[in-house]
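As you go down the protein sequences, you meet chains U and R in turn.
Just so it is clear: in the first sequence, position 320 is 306 by our numbering, and no numbers are missing.
Just so it is clear: in the second sequence, position 98 is 84 by our numbering, and no numbers are missing.
Since the hints were derived computationally from the structure, they do not count as laboratory data.
Here the structure is a predicted model, which means the values were calculated and not measured.
Careful, some of the hints might be misleading.
One copy or any two copies: either way a pair holds, since identical chains are not told apart in the list.
Claimed, not checked - In the EDC-like style, the derived pairs of lysine to aspartate or glutamate whose C-alpha atoms are separated by at most 20 Å in a straight line are: (1) Lys255 with Asp99; (2) Lys229 with Asp260; (3) Lys229 with Asp99; (4) Lys40 with Glu282; (5) Lys229 with Glu254; (6) Lys291 with Asp311; (7) Lys255 with Asp301; (8) Lys(-5) with Asp260; (9) Lys229 with Asp262; (10) Lys40 with Asp285; (11) Lys(-5) with Asp264; (12) Lys291 with Asp186; (13) Lys40 with Glu13; (14) Lys(-5) with Glu282; (15) Lys291 with Asp242; (16) Lys291 with Glu227; (17) Lys255 with Asp311; (18) Lys40 with Asp308; (19) Lys(-5) with Asp311; (20) Lys229 with Glu13.
There are 2 protein chains.
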Amino acid sequence: MSLDETATKPHERLAALMQDDMGRVNELIRERMASEHAPRIPEVTAHLVEAGGKRLRPLLTLASAHLCGYEGPYHVHLAATVEFIHTATLLHDDVVDESLKRRGRPTANLLWDNKSSVLVGDYLFARAFQLMTETGNLRVLRILSDAAATIAEGEVLQLTAAQNLRTTEATYLQVVRGKTAALFSAATEVGGVIAGRPEDEVRALFDYGDALGISFQIVDDLLDYWGGTATGKNVGDDFRERKLTLPLIKAVARADAEERAFWSRVIEKGDQRDGDLDHALHLLNRHGALEATRREALDWARRAKAAMGSLPRSDLRDLLVDLSDYVVARVA
Amino acid sequence: MSLDETATKPHERLAALMQDDMGRVNELIRERMASEHAPRIPEVTAHLVEAGGKRLRPLLTLASAHLCGYEGPYHVHLAATVEFIHTATLLHDDVVDESLKRRGRPTANLLWDNKSSVLVGDYLFARAFQLMTETGNLRVLRILSDAAATIAEGEVLQLTAAQNLRTTEATYLQVVRGKTAALFSAATEVGGVIAGRPEDEVRALFDYGDALGISFQIVDDLLDYWGGTATGKNVGDDFRERKLTLPLIKAVARADAEERAFWSRVIEKGDQRDGDLDHALHLLNRHGALEATRREALDWARRAKAAMGSLPRSDLRDLLVDLSDYVVARVA
């Protein structure tokens, strides 16, 4: 299918361009999440896989492989691998965060239970490793198993850092690289590797995914204080869950003694009262923390764009550049 | 080090024979479970890894590789891989079973929390895949990622089968193959594969691990009704957790209407009262279910021994034969 000119959002244009391949990816996902012996597995995964997420990560792998002139067939396996890893981490996040909603539906662990979420997540991780092994490419195996370790490490780091007021912006960045950017950068990097492109291009694809993932997560954390109903996020979720994200880290760094006592009470001690969220928003604005966070998101989007400059010109490259703008469009 | 004649138990003799390699495995485990950025990871894993488990699975990999004349170095990576996968599944089991004790210590999720158990388990899975990727051997990657999928599938199947009185012995066997035997058989099979042995020997190593793992699990399930304090198991844990294991499946198959109602109440409905465990033990004995379970464990140990017959004679082979006797010695 050719580029659908009526679809204006870059990820929709990307999805339209990659429609045939994405059909193969979806077919492979359905085939591999089946389990002859344990019917609960597709029940749990279908809930997530069919829920209509943007499939951004597998699209990045397909786009990256095409951009590099790869003609297949293993980009389909790698895209499915990336989506399986993503889905597995969502299932495990649902357990650990006791979050109530995911993509607007009840989370798997409310419909089923923690046991199912943990074990079906493990099943998807294993399926991901089977899929990537089928490519026979040891370098993509290294990249993706390194990414899986970095993701878990970032999530564990978040456990100890999230409610600690001494958490620095450097630690926040490390958490974000783990929980979000590692899979974005692996998704784009493997496209170049499977295509056998030179090192500088592979590096550029990594850098693009890394910067795109970081800006994506910073925007997400910013919208938690800035969003309206249109963004699909409830303002203050992170605040209520006592998650120290970039806006708060910036506000804490500029806090006087009284403000510090406030942050300590609501985040470290978790003693939250009526009006605390409003006061937090007031402090965030007073210190320009939201604006500073916004500028950082834009800066990472700029870096993503710059990385694309090392790759040969093509329509697909322009589309990935547009995508990095789109990720920050809600706060631009 | 030579065989320590004073250590009479086969797994102790095996540990003594493999002492040097096992030292390398332990070093690799300590090195790879470290995390520069997330100190909670070694805190959680040290708890399990240092707890003095028998290290039976990595010992099987080392023994299998040596038996096949392999001179290294990747049997050490594979043994560490197998132990990481095992430790990760224990961490995830602790979350899902809400079990109170593991190896005589409080479980990780009482000392820390569910979040840490899930995410540190994920980290160990990822570390396992990194380690096996370093071998550069695609066939061992297939075997171990298949095993990981089979383990998760078996655990999910157990979720739905454990409290369902219609669960058959065939389903029980499938669960046991998943949750226990898959890692045993992968542990022995990869030793032969990395050594480049012919297919019939690789198959024999797989069959040995498969049968050993099944007899190991059947004995474990039997001791839950037969054990004393010496076995380190509390009689009735599975009963209280409403797990339909082989002894119960056999008793249910021979139950009259009144007995069936009893099993339905205590297992399916979970309505357990004083004296129910004693009554369950009475029914298990009346129908010879414990004796029949014991005979099955012995039969699987016999099959493990028979599989070794296809391999060239050696002291190590004899030791693995002794090990299959030892696994069932507590019920022989």
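Between the shortest in-copy and the shortest cross-copy C-alpha distance, which are at most 20 Å for Lys229 and Glu13: within, between, both, or neither? Answer is neither; intra-copy 37 Å and inter-copy 36 Å both fail.
Cα distance capped at 20 Å. Does Lys229 pair with Asp99 within a copy, between copies, both, or neither? This pair counts as between: shortest inter-copy Cα distance 17 Å, intra-copy 24 Å.
How would you label the pair Lys40, Glu13 (within, between, both, or neither) given a Cα cut-off of 20 Å? The answer is within: 16 Å in one copy meets 20 Å, while 43 Å across copies does not.
With identical chains, the pair Lys40 and Asp308 could be close in the same copy or across copies; at 20 Å between alpha carbons, which is it: within, between, both, or neither? within (16 Å within a copy, 56 Å between copies)
Using 20 Å as the alpha carbon limit, work out where Lys255 and Asp301 are close: within a copy, between copies, both or neither. neither (51 Å within a copy, 61 Å between copies)
Within, between, both or neither, where Lys229 and Glu254 count as close if Cα-Cα is 20 Å or less: Within one copy, since 10 Å is at most 20 Å while 41 Å is not.
For the identical chains here, do Lys229 and Asp262 meet the 20 Å Cα criterion within one copy, between copies, both, or neither? within (15 Å within a copy, 47 Å between copies)
With identical chains, the pair Lys291 and Asp242 could be close in the same copy or across copies; at 20 Å between alpha carbons, which is it: within, between, both, or neither? Classified as neither: same-chain Cα gap 38 Å, cross-chain 73 Å, threshold 20 Å.
20 Å Cα threshold - placement of Asp311 relative to Lys291: within (8 Å within a copy, 64 Å between copies)
Reference check for the pair Lys255 and Asp311, CA-CA at most 20 Å: within, between, both, or neither? Cα proximity of Lys255 and Asp311: none, with 38 Å in one copy and 56 Å across.
Please sort Lys40 with Glu282 into within, between, both or neither, judging by C-alpha distance up to 20 Å. neither (24 Å within a copy, 51 Å between copies)
When no copy is named, should Lys291 and Glu227 be tagged within, between, both, or neither for a Cα gap of at most 20 Å? This pair counts as neither: shortest intra-copy Cα distance 33 Å, inter-copy 55 Å.
Hint compliance for this structure: hints 4, 7, 8, 10, 11, 14, 15, 16, 17 and 20 are not met, and every other hint is.
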